Amino acid sequence: MPDSILIEPVMEAPLHPTDRARLRAENLRVAYGPKEVLKGVSLDIPANQVTAIIGPSGCGKSTFLKCFNRIHELSGPAKVTGRIELDGRDLMAMREVELRRRVGMVFQKPNPFPKSIYDNVAFGPRLFGVRGRSDLDGAVEDGLRKAALWDEVKDRLADSAQGLSGGQQQRLCIARALAVQPEVLLMDEPCSALDPIATARIEELLFDLKRELTIVIVTHNMQQAARASDRTAFLWLGELVEEGPTETIFTNPGKPMTEDYITGRFG
Amino acid sequence: MSRSFPKSFSSRPRLPLSLWADRGAGTLFLISTLVLVALIFSLIGFLAWRGAGAFIALPGNTDRVLSLREVFLGLDWSPTQDRFGVLPFIFGSFTVVGLSIALAGPLGVLTAVFVTQIAPRWMRAVMRQAMDLLVGIPSVVYGIFGLATLLPFLGDRWLDGQPSAGFLASALILTVMIVPTIVSLSMDAFEALPRSLDEGARALGSTTWQSIASVLIPAAWPRLVTAVVLGMGRAIGEAMAIQMVIGNNPQWISLMRDLTDRTPLLRFLFTPASTLTTELVQELPNTAAHSAWNNVLFALGLLLYLLTMGSILLTRRLSRRRA
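Chains W and C, in that order, give the protein sequences. Going by my numbering, the first sequence opens with residue 1, and the numbers climb by one from there. Going by my numbering, the second sequence opens with residue 1, and the numbers climb by one from there.
These aren't lab readings, by the way, just hints derived from the structure by calculation. Possibly wrong hints are sitting among the right ones.
[Said to hold, decoys possible] DEER-style ranges, computed between Cβ atoms:
no., chain 1, residue 1, chain 2, residue 2, range
1, C, 123, W, 266, 38 to 46 Å
2, C, 31, W, 197, 57 to 65 Å
3, C, 118, W, 227, 38 to 46 Å
4, W, 237, C, 29, 44 to 52 Å
5, W, 93, C, 124, 26 to 34 Å
[Unchecked claim] Some residues of chain W that are not near chain C, with every Cβ distance over 10 Å (derived):
no., residue
6, 44
7, 83
8, 104
9, 134
10, 135
11, 167
12, 222
13, 248
Here the structure is a predicted model, which means the values were calculated and not measured. Positions of the beta carbon are idealized from the N, C-alpha and C atoms, including for glycine.
The whole structure should be built from the sequences, with the hints applied where relevant.
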């Protein structure tokens, strides 16, 4: 039977940046034990745009984000129903390793490994089998340049990453995620531990990065969502209240609750 | 805004009685500290003085003065024939400690990895209790276990029922004794790591094992080394348990050479031997005070003290570098 020798490709080649990589959640429900964190969220995330997810603490925005590279599985056994797609493929059926290569993530607090700057950025490429010195050098420089950190650290790549400032550490974590050339970058409140100047640098970075990849950013900072994102989704108590172009959401929201939240009446 | 303080904080003059009690307590603390410090220093001083008696003519010595060379570079320990080479004991100690660390180090660290990173959460608490329990068992009990169970088992297994006392039995018993310390401290090391490290590695596509091997173990490394060195400190000083299973043979180097009917590995593992600690336990009570024999044993005690001290200083240095 010729069909039986068909094997699903183990790792697809990274898509060309112009391909429309995108994420979609359909009636997504996530529960940890009896506690339902997401109660049926449906959202399309278009390619090459910055999508901001806003909402008060505990609304499930972080969990929602983490579902897209299934890192939520580390927080304990979760019951997930509904469908999550990456380019039309069911994400829950993909191999974690492939998924996480294509969908990178930056966390709330900078979490550089206690290694050199170089080894931090080279971590991902090494994981995927890049061994040659010049290939690694290239990947490291590429990642650091994209994260706008190269000029600051190019003379001290062998120094410990822990000697960098908080903002530099966060950009290093971005470089580390970018070094494997993901198609999507998930950012979980990436600036909440940073000062305004470092925050501004990261927001600038988003503008450059979205030319090459799709960005989803969770933030509790409304100004940040307004400044840096193309689309905004507002979650409340595990449900999607409203989503749309950022400008519309912030100037002419469709629901009173959205207006109350973005004007600071609750949250 | 004015704040009201509770009554007890009012500036009522203190009672003279409580003042005296305060001073008295202070003096008491000072005295107990001084007594303790004096005790420790007199202990070390005594050890050093009696040990030095082997190499320097001190009043009260009943035998000849030995040279450092013949004692610390000598391979032949025959005190009754005036030969005092202690190298067999030093080699013996290092061999036993080295073997047990080689077994207990990886075993302890890997157990800690499993318990903290892979096993379900409830297992951590169970494991902690179990390890604390094992640390509390007196070493003689481990010795009895070795004597009654381990030696017959090893003998039946590899030597056709012949006596199996030696380095292997000692190292195995020591391993069981120090592994709880290493597991417990390694668990602390892994639990002290922020969860974000594992998350970061996993988000880049690492498997559990890749995250453990390339991020978590390197990050915990200084504390893991400290854990192993502390275990080593315990191993160096241990006497009772080893004495019961090592065979106590100061002439083990020549015996090992003579046991030609065994393979080198069997000879190494199963020749009755001695270490610094077992030799002290074995012979010190039988020697006359201030004889050369007696003095050399004190020198061994001093050496043992220095080795233990060295491992403690090493631990300190390692933990300081971490901070």
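Consistency of the hints with the structure:
Roughly 43 Å separates the CB atoms of residue 123 of chain C and residue 266 of chain W, a value that falls within the hinted 38 to 46 Å. The beta-carbon spacing between residue 31 of chain C and residue 197 of chain W, approximately 59 Å, falls within the hinted interval of 57 to 65 Å. Roughly 43 Å separates the CB atoms of residue 118 of chain C and residue 227 of chain W, a value that falls within the hinted 38 to 46 Å. The hint said 44 to 52 Å for the Cβ distance between residue 237 of chain W and residue 29 of chain C, and at roughly 58 Å that hint is violated.
For residue 93 of chain W paired with residue 124 of chain C, a C-beta distance near 33 Å keeps the hint of 26 to 34 Å intact. At roughly 23 Å from the closest C-beta of chain C, the C-beta of residue 44 of chain W stays outside 10 Å, upholding its exclusion from the interface. Non-interface call for residue 83 of chain W relative to chain C: holds, since the shortest CB-CB distance, roughly 22 Å, exceeds 10 Å. A beta-carbon of chain C is positioned within 10 Å of the beta-carbon of residue 104 of chain W; the least distance is around 7 Å.
For residue 134 of chain W, the shortest C-beta to C-beta distance to chain C comes to about 21 Å, beyond the 10 Å cut-off, and the non-interface label holds. Against chain C, the non-interface label of residue 135 of chain W holds: every CB pair exceeds 10 Å, the least being about 17 Å. Look at residue 167 of chain W: its CB is around 17 Å from the nearest CB on chain C, clear of 10 Å, so calling it non-interface holds up. Once the 10 Å rule is applied to beta carbons, residue 222 of chain W is consistent with being away from chain C; the minimum gap is 25 Å.
Non-interface status of residue 248 of chain W relative to chain C is upheld: no Cβ of that chain comes within 10 Å, the nearest being about 32 Å off.
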